[in-house]
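*Asks:* Chain residues, written in single-letter form:
4 protein chains.
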Amino acid sequence: MARRVAVIGAAGYGGALGAGIVQRHPALELTAVTARTDAGRRHDELYPIHRIALTMDEFDPDRVADVADAALVAYPHKTAAGAVRKLRARGLKVVDLSADFRLGQAAYEHWYQPHEAPELLAEAVYGLPEINGHREEIREADLVAGPGCNSTAALLGLWPLREHLRDAVVDIKTGLSGAGREATRETHYVSAADNVNAYKTEGHRHSAELEQELPAGIGITFVPHLIPVDQGLLASCYATTDGDLTREDVRVLLEEAYAGEPFVEVVGAPPRTADVRATNRARVYGTVTGNRVLVESAIDNLWKGAAGQAVQDLNLMLGLDETEGLS
Amino acid sequence: MARRVAVIGAAGYGGALGAGIVQRHPALELTAVTARTDAGRRHDELYPIHRIALTMDEFDPDRVADVADAALVAYPHKTAAGAVRKLRARGLKVVDLSADFRLGQAAYEHWYQPHEAPELLAEAVYGLPEINGHREEIREADLVAGPGCNSTAALLGLWPLREHLRDAVVDIKTGLSGAGREATRETHYVSAADNVNAYKTEGHRHSAELEQELPAGIGITFVPHLIPVDQGLLASCYATTDGDLTREDVRVLLEEAYAGEPFVEVVGAPPRTADVRATNRARVYGTVTGNRVLVESAIDNLWKGAAGQAVQDLNLMLGLDETEGLS
Amino acid sequence: MARRVAVIGAAGYGGALGAGIVQRHPALELTAVTARTDAGRRHDELYPIHRIALTMDEFDPDRVADVADAALVAYPHKTAAGAVRKLRARGLKVVDLSADFRLGQAAYEHWYQPHEAPELLAEAVYGLPEINGHREEIREADLVAGPGCNSTAALLGLWPLREHLRDAVVDIKTGLSGAGREATRETHYVSAADNVNAYKTEGHRHSAELEQELPAGIGITFVPHLIPVDQGLLASCYATTDGDLTREDVRVLLEEAYAGEPFVEVVGAPPRTADVRATNRARVYGTVTGNRVLVESAIDNLWKGAAGQAVQDLNLMLGLDETEGLS
Amino acid sequence: MARRVAVIGAAGYGGALGAGIVQRHPALELTAVTARTDAGRRHDELYPIHRIALTMDEFDPDRVADVADAALVAYPHKTAAGAVRKLRARGLKVVDLSADFRLGQAAYEHWYQPHEAPELLAEAVYGLPEINGHREEIREADLVAGPGCNSTAALLGLWPLREHLRDAVVDIKTGLSGAGREATRETHYVSAADNVNAYKTEGHRHSAELEQELPAGIGITFVPHLIPVDQGLLASCYATTDGDLTREDVRVLLEEAYAGEPFVEVVGAPPRTADVRATNRARVYGTVTGNRVLVESAIDNLWKGAAGQAVQDLNLMLGLDETEGLS
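Residue numbers (the numbering used here), protein chains in the order written: chain F, 1 to 327; chain R, 1 to 327; chain A, 1 to 327; chain P, 1 to 327.
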């Protein structure tokens, strides 16, 4: 019997795609979608491509609990935590796509704000199955925090080097869907097309996820750049390592780290984000250049960086095949 | 009286723009354009936007010398050196846009091939007026080597830090015109749009220019990335420095380095390449992030990174105002 | 048991996508891929996104016939006919994506060249299931000619008006993948980005398909335009009609024509090509404006305009559900 | 002595470019810029590319009259008329970029709203110098209405056919800057990139300008489409004509209409908008196809379609060379 899933916040790019993946998923049934600003409209009016005929409701945790066993929550930071608490209180398994459950309380409150549901942090698991033994934790979890898109790409690039790593510069190139659906000066086509620029150069909070997931004491410099791409994210990870790793050493580390992984491909040339577009895959390439180890890691920010990975997590939480509905 | 200028190799993107700038220049007269593959066609047939009614000839140094006092040479590496030699032998002042005269012979032959005109290297000057005292050298020079577009942006970013600099990671994002006019798999719209990828990850030869122009002993890691932009180049320079530079220190170093420079603007936020499109300007921004000094440096790769800077050099060589025809 | 399918010409955009759809299709098995220029390379080396681990062979009809019951042929016009003849002689069912079997011999030879396999024209069926009763013909056919992408969009727009139609101006806006994989001056990113232009203004041969499929005597003016889009095609059909059709009349004609069609959606506002990207759907909108009936018809040129529709045809030919593997 | 010019509404795309052109103009002096939403900010903070160091003020007609002899008004429809009245009352010559003074009162009030300054309509001149004898009127005018971008391209295409013209379908492809600076769902990069769609299919008000400027009785169907281009507009004009015009006839009509025109080029192949980017030029191409005369007309919507043409008008009004500051 299909598991019933609700998507909370289905009007944004991540939530809309999450709803679309759930709807096409052979073992899941999409039973409800909610939205804040567009409640009352049919989902396929906003996103015809996903063909979801459901009307987006205001969020009512009781109604959601009536029709769903699990939920993807795609609300902004801070708003998410309150919704997650209400759904957990009603027994739903939850994958939250916001930052609210990715970090410990101290780190979260340093980078964001006072936490809205700190009592849930203990049960939350970081939802990147490929690293740090999280896959097994996710299988047992009732609450999973979907990693940030920048962190997903960077961690997949750096994780295989962790035992050798002293310092890393992570230069992110991310597409416009990563900036969210809100229409702003920065997301206007005329502003974004034919342009590239860095943003949040003074401490992007996604580096906190890297510090949490990698061994202590590694210096991280993390700078995101906006490029005129719809969906797609490339993390260029420049690592200073202990010892003299050769290109072949790096290749072997990557191959070993991701042997058998269904969604991570170790490739023999710098990956193109176009080659992972609209897939849940990451493609990683490692080499040595200048005095650095370089790993280039490409994902689709909305898929492996958000909604696809959330369903990958949900598959694990529900005892399904990890790849179901995602290939 | 206007100085007569020829553009050798006016069918490529850099040469075509160079011809266009010369033609609009109040103190220069465009008297000849040559091309290898498109000889016999009118320039405005290929590039209507520049409105140059001249027919592109096969390169004949005698004919060029008859009508021109100076030349921009926009041939590929190796081919350029031979043309430059012929023009210098006939007394023309030359700005060469290729790599052929940017490096010393040893470095050149390490990265490229045996040099075709090594006897001219002694007189060649590196054409980045804003650094290393080159402006005065350029005024006296008969042969100037236009710096590479990547190097221009990176050097403008790193030069102000040179006395503090130990190591730098330079992550370049460059538009498609930097890949040249040749139609290839990589430059096909379907391949290049909605995509980003690194290329030449194992030692891009532009780092040789950085090593030459910066103090000895600085470790340079240099990786270029292709982004779906027409014209535009951003160098993200992650520097490890001696001592503890504050954000304010970095700002002051940049301001001091470029005080009075007509084409370099030190700005208060990460620069956008769109804000320098079709101009000869660079915009640079310095800050401190993670454990690095970061300088972001934006140029138009065809202007300040190639043809615009070549005319800036030519202005200096001819005793004209450095900015003439460029603003 | 899965039907075994070969894709002939899998190195081009249309063939590569066709192979990808077949490979993911639950009732088909991709058993061979061939290519002309890239024979000997693995398909996933050229197109990692489709994850096809097969090596592309030179075309050998005997080998193909050994492993396949049906074939998609994605060769250029003229080359295709020869390959189709060889495959048909060996008993394979064939969907041909070229123009070679779309038209009668006279029309074909007017627009193209002497036909290479005229004896097969009698059995060939025009593969647009939604119009002219073709669906039933396709079910019985051994050879189906996949319609052109321009014609598909235009015919889906005009077909519902056919009994009222006197004259139509069809203004096509098509993405760059429609121009094929060949790297040319026109397909270079720098040339194609931030640009729009008409091409083949003097008689585009796709109008022949319209003349064939619509009632005789309708004047057709047909002009394609290239826009900076990867995949996507919009046909703006300006129709002069007999009688005074109201907006409501037009809506009803469209609704009636496509009631129950799985791949054609009649929508209430001008369709966006982004809303059909990477799907086999068409979205059509009809209205009255100025003194014309206007139908806007949006498809993905590589899907409903080529490879997706070819698999839709193949499903019909093989007695499968028409939508299998396509949603 | 330079004429002093103010730009009213310099925060939008058209006004900002107008200010930039005026500032670089050798015979004009930019003395004031105003803005509604961004008053108090320096212009170069919003638009670094134009390098205008002036602070944008709230609009105060007395202050403007103190420092300026003429003004470009780049306000939205309706708001513009009030500002124009105040400036005219203080004796300034005005070019208005809105629709407020393009049409007679009846047509205006049909398409827009009650007119805010109907008493000025009698003195207003339609600012398309190349047609209908407007150039001489503009020279004498104190108030000129800058034509719409769509109308400019379409009229330049259709004007030479006017004596033969019975009916025209005008299919417009316009870039995103034509939609204005406001950030909306439609102008979001993710929405606009890789997409094309029609909009305002039921009667776009720009057709009113065509009806006014062309001989009476010509049927006009006018549909604009949004394409992923920054600056650029193409009008495809499908004309039904009296008599049998040949391709050569059409070419001659165009050549005769625009002989000696500094800003209109009759070209021998379908024009590319990229070839007029950031210029005040139009490129037009005429041919015969299907049963229609086709004229393709390309402009930059912000230049010849707005700010560039406004300065062209201003040059005429001030007795300057028509091309000054525009080439």
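Hint data in this document are derived by calculation from the structure and do not stem from the laboratory. Treat the hints with care, since some could be wrong.
For identical chains, the list gives no copy identity; a pair is met inside one copy or between any two copies.
What the hints assert, rightly or not - Under the rule of at most 20 angstroms between Cα atoms (straight-line distance), these lysine to any residue pairs were calculated in the SDA-like manner:
#1 93 <-> 319
#2 78 <-> 255
#3 93 <-> 65
#4 78 <-> 260
#5 200 <-> 46
#6 200 <-> 42
#7 78 <-> 139
#8 200 <-> 136
#9 200 <-> 247
#10 200 <-> 242
#11 200 <-> 268
#12 200 <-> 119
#13 93 <-> 256
#14 200 <-> 290
#15 78 <-> 268
*Asks:* Evaluate each hint against the coordinates.
*Replies:* Hint-by-hint comparison with the structure:
no., hint, result
1, 93 <-> 319, "within (12 angstroms within a copy, 42 angstroms between copies)"
2, 78 <-> 255, "neither (38 angstroms within a copy, 40 angstroms between copies)"
3, 93 <-> 65, "within (10 angstroms within a copy, 51 angstroms between copies)"
4, 78 <-> 260, "neither (36 angstroms within a copy, 45 angstroms between copies)"
5, 200 <-> 46, "between (30 angstroms within a copy, 19 angstroms between copies)"
6, 200 <-> 42, "neither (35 angstroms within a copy, 23 angstroms between copies)"
7, 78 <-> 139, "neither (25 angstroms within a copy, 56 angstroms between copies)"
8, 200 <-> 136, "neither (34 angstroms within a copy, 38 angstroms between copies)"
9, 200 <-> 247, "between (32 angstroms within a copy, 14 angstroms between copies)"
10, 200 <-> 242, "neither (30 angstroms within a copy, 24 angstroms between copies)"
11, 200 <-> 268, "between (32 angstroms within a copy, 13 angstroms between copies)"
12, 200 <-> 119, "neither (30 angstroms within a copy, 49 angstroms between copies)"
13, 93 <-> 256, "neither (32 angstroms within a copy, 45 angstroms between copies)"
14, 200 <-> 290, "between (27 angstroms within a copy, 12 angstroms between copies)"
15, 78 <-> 268, "neither (41 angstroms within a copy, 30 angstroms between copies)"
Going down the numbered hints, you'll see the structure goes against 2, 4, 6, 7, 8, 10, 12, 13 and 15, while the others check out.
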